[in-house]
Structures are given as structure tokens and as C-alpha cells.
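Novice: Could you build the full structure based on these sequences and the hints that come with them?
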Amino acid sequence: MSYGPLLFLGILFTLASSWVGLVLMPQRQLGALGQHTDTNTAAVYPQARAGEAQQGAEHYRALGCVYCHTQQVRPEGYGADIARGWGRRRTVSRDYIHDKPVMLGTMRTGPDLTNIGERQSDYSWHYKHLYNPQITSAGSVMPPYPFLFETRPIGPMGPSTNALALEGAFAPAPGHEVVPTLRARQLVEYLRSLKSSGDLPEAPVKKEEAQ
Amino acid sequence: MSSTTASKTLQAILPGDFSNEDFRRAKLAEIDASCRTPVLFFFVSGLLWLLAGTLFALVASIKLHTPGFLAGWESLTFGIVRTVHLNTVVYGFCSQAAVGVAIWLMCRLCRVPLVAPGIVTVANLFYNVGVTVGIGGILAGDSTGIEWLEMPRYATPILFVSYALIAVWTIITFRLRAERHLYVSQWYLLAAVLWFPWLYGTAQVMLIVEPVRGVVQAAVNWWFAHNVLGLWFTPIGLAAIYYFIPKVIGRPIHSYYLSVLGFWSLALFYNWNGMHHLVGGPLPAWMITVSIVASVMMLIPVLTVAINHHSTMIGHFGKLRHSPTLRFIVFGAVSYTLASLQGVLSALRSFSEVAHFTHHTVAHAHLGMYAFFAMVMFGSMYYILPRITGREWPSNALISVHFWGVAIGIVLYVVVLSAAGLQQGRMMNDPTVKFLDVVKFTIPYLQIRTVSGLLLALGHAAFVVNFGWLLVRMFAPYRKPVVSILAGAEIASPSGK
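Residue numbers (this note's numbering), protein chains in the order written: chain A, 1 to 211; chain B, 1 to 497.
No lab work stands behind these hints: they were computed from the structure. For glycine and all other residues, C-beta sits at the position ideal for the given N, C-alpha and C. Treat each hint with caution, since some may be false.
What the hints assert, rightly or not - In silico contact screen, one side only, chain A against chain B (beta carbon under 10 Å); selected entries:
hint, residue
1, A16
2, G31
3, H59
4, A62
5, G64
6, C68
7, T70
8, I82
9, S93
10, R94
11, P101
Unchecked claim - Quick list of the computed label-pair ranges, beta carbon to beta carbon:
hint, chain 1, residue 1, chain 2, residue 2, range
12, B, A419, A, T181, 38 to 48 Å
13, A, L9, B, L48, 31 to 41 Å
14, A, T181, B, V451, 34 to 44 Å
15, B, R349, A, L166, 37 to 47 Å
16, A, T181, B, T432, 35 to 45 Å
17, B, A419, A, N162, 41 to 51 Å
18, B, A419, A, T161, 45 to 55 Å
19, B, V122, A, P204, 51 to 61 Å
20, A, G168, B, R426, 27 to 37 Å
21, A, F147, B, H316, 51 to 61 Å
22, B, W73, A, G51, 24 to 34 Å
23, A, G139, B, V415, 23 to 33 Å
24, B, V465, A, G51, 47 to 57 Å
Said to hold, decoys possible - No farther apart than 27 Å at their CA atoms in a straight line, the calculated lysine-lysine pairs in the DSSO-like style are these:
hint, chain 1, residue 1, chain 2, residue 2
25, B, K247, B, K319
26, A, K206, B, K434
27, A, K195, B, K434
28, A, K206, A, K195
29, A, K100, A, K195
Specialist: In C-alpha cells form, the structure reads like this:
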């Protein structure tokens, strides 16, 4: 096989085949996928994220949360995603149309977060968990994020209403309080916005569970 | 030899006439000298990135079983440090070693000196500026969040210029070839330098410059990320194996026809594999199915190449004791077979149901990128460096420390995490097991991973010291070399004691 042009064309055409098949065809099929409007309730799904939650997504991306947490629920009967309560239905292409970038993830060092906003909506749980995961989930290998919080002396007006209720070994020095920074607040808004359970024709939510 | 016969012999020598031994040696020396500066630049900067990447790897590994370690440093949080590790070793070390090896191999096989080597050196400078800016961006929180493409958009155009220069220069060398016969390694090298800029360009445009909508991003992401392995690193690694095994043992490759079959089946099937990273995910079933089918078809190139490489070695395993190059290359060749078979298995729906999302995948990635690719690069460097510098390796003991450190380290890594990952997957698929119990189950295995990381670091340190020593010797007066033969050194000195 010493004929250069043949080699060159072969190299070109083989990669062109999968470029058409796995890049161009998905773009043709899904590149313009839009929201779904329920004909009975006029509910539109999925909704774009509100400003603060969208800013929180940037922190989720920058801190690399995606390397330990997936955002995809596999179908019932394939793995235990639904049995573990990570979602009421599998996730489908339409769930992700607003995400830039799409952070499906490939590793579950920690649990799936597709519906964390639905599973855990308590602000104070999220703040404590981010400040130090050992407070809420002893034995976890998730890193603490102390740099998303400010430890400061309690002011003359008394403790801030935002201050974390920390006890025991996790409490700050006497006379001090731990308050979430803007970034922590945005990140928690993002986590609370994670809900992919809208009823879609291609992925119906089981009726008895939906109520 | 009288002067008349000498001039007759000289007249008989045509350009590229490699049947004449003196001419052949002179030509090889000329080729090696032309490659010296650019290849050294790629190897030296690659190794510096390897050291940095090893350090980041250790920090990441420790953090995953001891989360309080360096927890106050935002730039070293696990999600960042792990990403910095991947990008330093993949783009800093592996890609640069690959380019160095590819350029030297291409010149040797085409039997032409590198034209204007300064341009390739400039490409190297561009490349290192690009990687430095990219790594700095990730540390500063500018990661794109797209796996294998984390470097921010202000770094990647610099890298693209470098890739384009390297591709153009490889093609120019290929066009100027004095040897019309093409060896199998040249097919792979040519393919790799043509494929990579296409992959990288597509991914940059569709994911970062003008992102496509929704899960199409995931499709493009894994089409790219799998092809970086399959169409950039794998072809260069296979080109090196195809070159060095026959070269070191002095025997032609087992079968030419298997080489042809192996190359074209890889070209046909590998680039369709990417979607098997998304089994069970929110993409149309046809895409994932197509990739699973292509992954199983990979058995053809993998087994073909395995038969070809390993059959060439049969009867010559004794030479592994002597040649450092052969040791690393054969270790890499065997790992390529194993990594590919593990990859085929992991693509199957039933296996993926358990192994996906676990440390099994992490082990698989290291079997491919390290036990196969990095080992082949080490082996190639052991062969190339004495030839381009004109100096032998200063210390055989350090070569042994390098080999055994990384060999034991990576075997421990892959075996332990592959097994632990499967159990982790089984536990996750049992909804009665609490998630935190799955996490706690993995911790001892993650600690073993840190131990294996220390062994790898030891090996890398030995290599870098030996390399630095060799560079010092390069600028010192020439001394009678001691040839790098690891065992049975007495056969190396024909003149006797």
C-alpha cells in the first residue's frame, strides 16, 4: 500500500463518515428541539433558568462538580436510578435544551443531581452541605467549600439572618458567624432549580406518582 | 580500499540508495541531526508537564479519600485539580511526546531530513504557550466544563495554530520522501496528523465558539473525546510499536496483510465509537446502538494488530531483559490489546449498566492512556534520544527504577480500580444499599490508588533525572558510551574488558 493519494482519500472519507453520522445527523435531528406545550394545561416545559440560578450554573461548571455528579436518569429497569429516587422518569433530549454547557457527567462518586431541587429544597441543608459535607453526610468524600463562605465577627446588630446554624466541632470561634457569599447563594439557587420531571409525550411521568 | 574503487562506489550511490552501508549511516545521522532541536523541545517540555501532571494527580488522588486535604485552596478543589491533571498529562505530556515521536519517525521512514526544523520548534513554543494559558485558565475557574475540552476559548486558538503547523510539516516531509515504499507506521502517522485538527476544529466550533443545542453537545463531545484516543493517540502509539519491535529485535513484522487490515478496520470503525460513553443517557437509541456495534467491530483491528505485534515478538522475549525500549514498547503493546478488549466489553449495554459511572471507567482510561500510550512513548524516547543527542543513557539503574516503578504502579492501579469499580457499580444498582455506604466502600481502594500514584511518581522522577543527566552530557565533551543494556552487560562490549 504505497499509493499516497489512495491513503489520503481513505483517511479523509473514513472520518467524514462518522462526522456525518454522529455530528451532522444528531444536529439535524435534535439541533432545533424546542419546548413542549401541554395541550391540556398549556404548561410549557422545560423552562429557562432564572438569573441567579443561571449564574450558579457557572460556579457548578468552574468548580468541576460534573466530575463526580451526573445529571442524567437512566430508564426504569436499567440500573437503579429511578429506584434510588433520583427521578420519576428517565431524562430525554428535551430536558437539556437550555443547558450551556450540557453537564451530563460520566462519574457517580456522588449521587445523581438531575432532580436535586425536587429531592432537597431546604436552603440551610445545602449551605451546611457545601460548607462542610461532613455536617449533613458524615463519611462523604465530597470536598468542603469554605471559600464560598465568609467567617466574620458578629456585628453590633447581632448575628446575620443568613448565618449558618453550626454546632459542635463545625461551629466558628466564639463571637463569629459563617455566612454564604454571593457565589454560594447562586450555586444553591442553581441546585434548587435542578428539576427534570415535566410530563412529556416522549417521557411520561407515571400518573399515580405525579399526584 | 583504493581511491579508484572508492570513487566508483561513490558514483554508484544515488540519492536514497540505502544499500550502501556508509551512505545509509551518514544519511541517518543527517536525519537525526535535523530533528534534534524540535524533537528535544517537544520531549523536554512534555516531561516538565508530566512532572506537573503527576503532582496534580497525587493531590487529586489524596483528596478523593481525604477530602479535608488542602480544602481551603479554591484552585486545588477536587473538580479543578483533577481537570488540571487530565489536561497536563494529555495535552502537556502525551500530545507533545506524540508529536516528537511522530516527527522523528516520519523523517526516518521517509528517509529525508526535516525541512526547516525551526518552524517545528516555533510550533512547540506556540503549543506550550497554549497549554500554559489553558491550564492557568482552568485553575482560575474558566474551565469550559466539557470533558477533554476544558481549556478556555482564549487558549485553544494558540493550540490550533500549533497543531496546524505540525500537520502541515508532517505532510511536507511525507511529500518529500526519498523512500517510495510506505511502511505501516507512515499510514498511521499521516492519518493521525490529518484527523486531529479536524476533530479539534469541529469540537471547538460546535461546543465553544457557537455551541449547538442540548444533548447534541454531548454527542459532539464524545465523538471528539473518544476520537482523541482512537484517532490521535492510538495511531501514533501503534506507529511507534510497528516501528520499534521489528527494529529492536531485527526481524520484519509478522504479516503485511494483517497490517493493512488492521489499519483500515481501525479507520472505519473507531471513529463511530464515541456514543458508547452515553449508554443509558438521554440520546436517541440509534446513536448509542450504532456506537455499540462499532465498538464490537473494533475486535477486528484490535485482534489483527495483536496477532501482528505479538507474533513478531514470539521467540524473542529474551531480548526484553536487555533493551529498555523493547520493555516499554512490549508492555504498551500488551496493554493496548487489554485496554481495547476491556473497551469492547464496557460498551455492551449489560456491562455498562454496572461499570458506567464507576472507578472501572477511570481504570480503563489509565490502562489506555498510560499503560498503553505513555509506556510506548517512554520506550520510543529511550531509543530516539541517544540517536539525536549522540549520547547514551547515563544510568541503567535509573532506567530500571523507571520501568519497575511505573510498571508495578500502573498494574496495581488498573487491577485494583477495575475490580473495585465493578463492586461499586453492583452496590449502586442495588437500591437497598445506602449511597454513602457505596462511597465508604471505595475509600480503601482509593488509598491504594494513591500508593500506585507514588510508584508512578518515583518512576517519572528517575526518568527525568536520567534525561537531565543525558542533556548535561550532550553539552559536555564526548566520552566513550556505555550502551543501555539492562541485563547481561558483558555482551555489550565486543572489545572485551
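Novice: Does each hint fit the structure? Answer for all of them.
Specialist: How the hints compare with the structure:
1. A16: OK, holds: A16 (chain A) within 10 Å of chain B, min 9 Å.
2. G31: holds, 5 Å
3. H59: Where the cut-off is 10 Å and the nearest Cβ of chain B is about 8 Å from H59 (chain A), the hint holds.
4. A62: The hint holds - A62 (chain A) has a Cβ within 10 Å of chain B, the shortest such distance being about 4 Å.
5. G64: Constraint on G64 (chain A) satisfied, holds at 2 Å.
6. C68: This hint holds: C68 (chain A) lies near chain B, its Cβ roughly 7 Å from the closest one there, short of 10 Å.
7. T70: holds, 6 Å
8. I82: With Cβ-Cβ at 9 Å, under 10 Å, it holds.
9. S93: holds, 5 Å
10. R94: Given a least distance of 8 Å, the restraint on R94 (chain A) holds.
11. P101: Because about 5 Å separates P101 (chain A) from the closest Cβ in chain B, which is inside the 10 Å limit, the hint holds.
12. B:A419 <-> A:T181: 38 to 48 Å: holds, 42 Å
13. A:L9 <-> B:L48: 31 to 41 Å: Taking Cβ atoms as reference, L9 (chain A) and L48 (chain B) lie about 39 Å apart, which means the hint holds.
14. A:T181 <-> B:V451: 34 to 44 Å: holds, 37 Å
15. B:R349 <-> A:L166: 37 to 47 Å: Since R349 (chain B) and L166 (chain A) have Cβ atoms about 46 Å apart, the given range 37 to 47 Å holds.
16. A:T181 <-> B:T432: 35 to 45 Å: Taking Cβ atoms as reference, T181 (chain A) and T432 (chain B) lie about 39 Å apart, which means the hint holds.
17. B:A419 <-> A:N162: 41 to 51 Å: About 46 Å separates the Cβ atoms of A419 (chain B) and N162 (chain A), which means 41 to 51 Å holds.
18. B:A419 <-> A:T161: 45 to 55 Å: holds, 50 Å
19. B:V122 <-> A:P204: 51 to 61 Å: At roughly 59 Å between Cβ atoms, P204 (chain A) and V122 (chain B) fall inside 51 to 61 Å, so the hint holds.
20. A:G168 <-> B:R426: 27 to 37 Å: Given about 36 Å between the Cβ atoms, the range holds.
21. A:F147 <-> B:H316: 51 to 61 Å: Given range 51 to 61 Å: holds, Cβ gap about 57 Å.
22. B:W73 <-> A:G51: 24 to 34 Å: Holds, since W73 (chain B) and G51 (chain A) (Cβ atoms, about 29 Å apart) stay within the stated range.
23. A:G139 <-> B:V415: 23 to 33 Å: At roughly 26 Å between Cβ atoms, V415 (chain B) and G139 (chain A) fall inside 23 to 33 Å, so the hint holds.
24. B:V465 <-> A:G51: 47 to 57 Å: holds, 54 Å
25. B:K247 <-> B:K319: It holds: about 12 Å lies between the C-alpha atoms, which stays within 27 Å.
26. A:K206 <-> B:K434: holds, 25 Å
27. A:K195 <-> B:K434: holds, 22 Å
28. A:K206 <-> A:K195: holds, 16 Å
29. A:K100 <-> A:K195: holds, 16 Å
Taken one by one, the earlier hints all hold for this structure without exception.
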